[in-house]
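A.B. asks: Starting from the structure of chain P, add chain W where the hints point.
Chains as they are written, first to last, in my numbering: chain P, 2 to 790; chain W, 5 to 242.
None of these hints come from the bench; they were simulated from the model.
Treat the hints with care, as some may be off.
[Stated by the list, open to error] Partial list, computed: chain P residues near chain W (C-beta under 8 angstroms):
(1) Ser405
(2) Asp419
(3) Ser422
(4) Leu698
(5) Gly699
(6) Phe700
(7) Leu782
(8) Val783
(9) Leu786
[Unchecked claim] Only pairs whose alpha carbons sit at most 20 angstroms apart, straight line, appear in this in silico SDA-like list of lysine to any residue:
(10) Lys349(P) <-> Lys652(P)
(11) Lys632(P) <-> Leu279(P)
(12) Lys632(P) <-> Phe404(P)
(13) Lys487(P) <-> Met636(P)
(14) Lys139(W) <-> Ser405(P)
(15) Lys139(W) <-> Phe404(P)
[To be verified] Derived CB-CB ranges, DEER-like:
(16) Gln90(W) <-> Gly768(P): 29 to 35 angstroms
(17) Ala772(P) <-> Gln90(W): 24 to 30 angstroms
(18) Arg775(P) <-> Asp36(W): 37 to 43 angstroms
(19) Tyr22(W) <-> Ala772(P): 25 to 31 angstroms
(20) Arg775(P) <-> Leu10(W): 34 to 40 angstroms
(21) Tyr748(P) <-> His143(W): 51 to 57 angstroms
(22) His224(W) <-> Leu377(P): 57 to 63 angstroms
By construction, the Cβ of each residue, glycine as well, lies at the ideal position given by its N, Cα and C atoms.
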Amino acid sequence: MRLATLDRKLLRDLKRLKAQAIAVSAVLACGVALFVMATGMYDSLERARDNYYDSARMADVAVSVVRAPDPVANDLAELPGVNAIEARVTGIGLLDLAGKSDPVSARLVSLPPDRHPRVNDVLLRAGRWPDPTRDNEVLINEAFAEANYLAPGAQLRALIYGRYRELDVVGIASSPEFVFAVAPGGMLPEPERFGVVWMGREALGRAFDVDGAFNEVTFRLGPGADIRDTIFAIDERLARHGGRGAYGRDRMLSAQFLADELTSLRTMASILPPIFLLVAVFLLNVSLSRLVATERSNIGLLKSFGYGNLSIALHYMKFAIVFALLGAAIGVLVGRYLGGYMASIYQKVYRIPELAFDAKINVYLWAVVVSLIAALLGAAQAVLRAARLPPAAALAPPAPVGFSRLGQGIENAARNLDGKSRMVARRIARFPRRSATTVVGVMLALALLITSQHFPISMNHIVDVTFGVAQRMDATLTFAETADDKILAEVGRLPGVFSVEPLRATEVIFTAGSRTRRDTLMGLTEGAYLYRLLDQNMDAVDVRADGITLSQNVANKLGVKIGDTVSVQATDGHRAHAEMTVVAVVKPYLAGAAYMQLGALSRALREPGRVSAAYVLMDSRERDALNREVKELPMIAGVSFLSNASASMRKMLNEGSGFFSYMFVVFSCLMAAGVAYSAARVTFAEQERDLATLRVLGFSRREVSYVLLAEIGALLIVALPAGAILGALLSRWLMAQFQTELFTFPYITESSAYGRSALFVAAAVVGAALAVRRGVDRLDLVGVLKSRE
Amino acid sequence: MSREELPVFRLVDLRKIYGQGEAAVHALRGVDLTVAEGELLVLLGPSGSGKSTLLNVLGGLDRPSSGSCFFRESDLANAADAEVTQYRRRHVGFVFQFYNLIASLTAQENVELVTEVSTEPMPASEALELVGLGKRLHHFPAQLSGGEQQRVAIARAIAKRPTVLLCDEPTGALDVATGVHVLEAIVTANNKLGTTTLLITHNADIARIGDRVVRFADGHIRSIEANERRIPPSELHW
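Chain P on its own, in the form it takes in the complex (with noise of 0.2 angstroms):
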């Protein structure tokens, strides 16, 4: 097939225009590369979460009881609104690794002698399924399992209830429920230090001493049921066997991470790429009106043979399309790539089968449709111009650029300067907008680079904080259930200890009007020491005896501020209910519950001298010797150090964080060259001529090339600052939309994110306009003058 006239035309002029085709469509393709990718991994992780949730029946509620009779399942089985129920039984109990001397954590699960779970379903990654006859067979859980290269046929030395057994890993299992697993009382995944357990129902209820009787039970509930109503139920039907209080998935800490993840990747996508797709209308419009007006006359021309307004419109359409693909074409490449790569991070973290990027077709359907908008929203004002272009004024040499003389105040100014800077301080003020379009490209590549510059800035500072500020302690003793405070001097007397502080946590459910939250009450110590709040000057605000302390966004919640009264109802031992008065709120970055006084938290919940963990102050070398004792104290569920937590915290927030910064910092250069590119382009085609002529004046290759690049040069100073603020706000801004329920991510600054930031988008300029420079060393003097304008 023979092509049209007009599109060989177009053809030619792209091979000849294939630098700057190649500056936009690497912008928009920064663009779209960051929306297949963000939201291709939303739609995979949700659609894997989702499809992993069903098909091993995720648990809509769970409550936990103290103990309660196996036939009370059967009621609860029959609750309007619940589809299926498993009742099972959990606990906490101690691993001794071999050549392992820190203690292990594990939640110890029941299974079912004869089935599957009916809720919360265990699947066998490896190994087989244990025996129902044979009480010492259990499975573990997967990232366990790789933490600690364990594989079936290895054997555990657990402490259960206070009494060791030997336990024999026949399989390794994963489970909707623990996509996630955390320790109690912790906030990240540990797998080298903690593991999920399954083992049969019957020897756990023996060990638990709960035989015949259940402690915690998981739902299913059926379509269109009301989760309030149905919790109501539940509650009330366990009250008197020491139910515990209902949740939902919202207070279950793995469902809870996926939620937030998801949240986050949302925002990503809906605020990151229109950035790169805006810059990217901003090029074209500047690069398609330059084409235009060189071919004004070919316009004329082919008006008067008689092609229409709309095949010129569509013609110069074509160059904005074409553009639009190349960029959506590569971006899907790159995004699919990222997307690949952020997959590969997620299955480290997450556990869920089947978790691979896998963006469908839609997302990569509107990634075209997004750029081509962008595309055509960029040569929309070209196109109309050409279109517009009456045929005999097109013929007719263009009017010649009209320079006027700068204000009075700038031309007073500009008299000190030679006549060559001259020419780039008129030019910069004769065309506006197009110096705006640069300025404004630079400083958002800037800004988008100083952001992301401050994510890892931020979480080592929430690290910094959390572990080195607010947490002292060198470990934390959790007991396995509420302890006399006696127990605090037998831990004062373990190896290395020097001080010890209590606490006091408990489930509590709070209500401030209509709104209820269920969240974690911790008692602690007036003038604590080794667990502080902070308020935002980093001093330490003191837990109160007369009222309740909040964090942020449990009073957020709760819609209460300080001065309000909420109602608080303890969840298990007599369930006292209390109205407090709100009189602080802090703002933790980590999760944040709610505080108070521990002694006046165990007069509210009528429970004097108890106590539920321990902070510890101790010698590091007495370490082993702790470690050795703890193993052998039944009342101790989990030992965990500062020091390991601040690890894993830190690998884990840091966890691919290297790779994005990579990517931001070629994403933003990308941007700043294309603009750059862009610009020094369309400057060196205006300017040939003068540029030629200053070279037949004498003018040396630097001497011209200075009037040249001094433009891009004037406008990447006052680009550079204006970046700077805007990268400042922009962090401020995307720092605050990226909070979660589980994070708050602070603005904190280092004039690094800054320099180093300025220096990478300053070099991304110099290094493009140097590029388009080159045309100096082969500016044609000759043809360029001997040619009309």
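C.D. replies: Frame of chain P, contents of chain W only:
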């Protein structure tokens, strides 16, 4: 021979070939020419006869393929790029058919662009006065007529007191009356400053303003004739 006695240009068997093999175009096929100090030389000939190529080589915009092209004692054919740039900067003034003024600079600033980098320039206003534009100093090119723009270009070319003024069809785009003004400016520069001037034209009548007329055809010099008398441009009719 003392410096004063040296001709400004001495060309020996100058050749310029564009392209190679069958596509080769012989623009200059062995030109021998000597131009004396202060002379006004008119180059005549049809399009493609080689006169513009010669002017470009003399101005340091192009290099000959073979032969010698001496500007006083230095051979431009073998000079380094930086030397040629310096040569253009110090000794050459160009005037083209299209004026090639910098649109973003006023008339005076266009001239100053050159005077700023020259060793003994005349003031820009004086150069513009010389071409009759003393009252248009602060106009931008877009605010000037074609003839005025060309005269600014001449002022820019002569302001640095160049040794040679090379004019490539300076009146080609202008009507008669305007063209006369422009030629007067060129002749004034030649007379008052003693600038050796080479002027290309298609117009045989204009040839009468020069000291000598060099006729070109097919890359050769066909003839060189001396005018008995230089006619002032105001007496020209075409």
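A.B. asks: Work down the list of hints and note, for each, if the structure agrees.
C.D. replies: Going down the list of hints, with the structure as the test:
no.: 1; hint: Ser405; in the structure: holds, 7 angstroms
no.: 2; hint: Asp419; in the structure: holds, 6 angstroms
no.: 3; hint: Ser422; in the structure: violated, 11 angstroms
no.: 4; hint: Leu698; in the structure: holds, 6 angstroms
no.: 5; hint: Gly699; in the structure: holds, 3 angstroms
no.: 6; hint: Phe700; in the structure: holds, 7 angstroms
no.: 7; hint: Leu782; in the structure: holds, 5 angstroms
no.: 8; hint: Val783; in the structure: holds, 5 angstroms
no.: 9; hint: Leu786; in the structure: holds, 5 angstroms
no.: 10; hint: Lys349(P) <-> Lys652(P); in the structure: holds, 12 angstroms
no.: 11; hint: Lys632(P) <-> Leu279(P); in the structure: violated, 60 angstroms
no.: 12; hint: Lys632(P) <-> Phe404(P); in the structure: violated, 86 angstroms
no.: 13; hint: Lys487(P) <-> Met636(P); in the structure: holds, 12 angstroms
no.: 14; hint: Lys139(W) <-> Ser405(P); in the structure: holds, 18 angstroms
no.: 15; hint: Lys139(W) <-> Phe404(P); in the structure: holds, 19 angstroms
no.: 16; hint: Gln90(W) <-> Gly768(P): 29 to 35 angstroms; in the structure: holds, 30 angstroms
no.: 17; hint: Ala772(P) <-> Gln90(W): 24 to 30 angstroms; in the structure: holds, 28 angstroms
no.: 18; hint: Arg775(P) <-> Asp36(W): 37 to 43 angstroms; in the structure: holds, 38 angstroms
no.: 19; hint: Tyr22(W) <-> Ala772(P): 25 to 31 angstroms; in the structure: holds, 29 angstroms
no.: 20; hint: Arg775(P) <-> Leu10(W): 34 to 40 angstroms; in the structure: holds, 39 angstroms
no.: 21; hint: Tyr748(P) <-> His143(W): 51 to 57 angstroms; in the structure: holds, 54 angstroms
no.: 22; hint: His224(W) <-> Leu377(P): 57 to 63 angstroms; in the structure: holds, 58 angstroms
Going through the hint list in order, the structure does not satisfy hints 3, 11 and 12.
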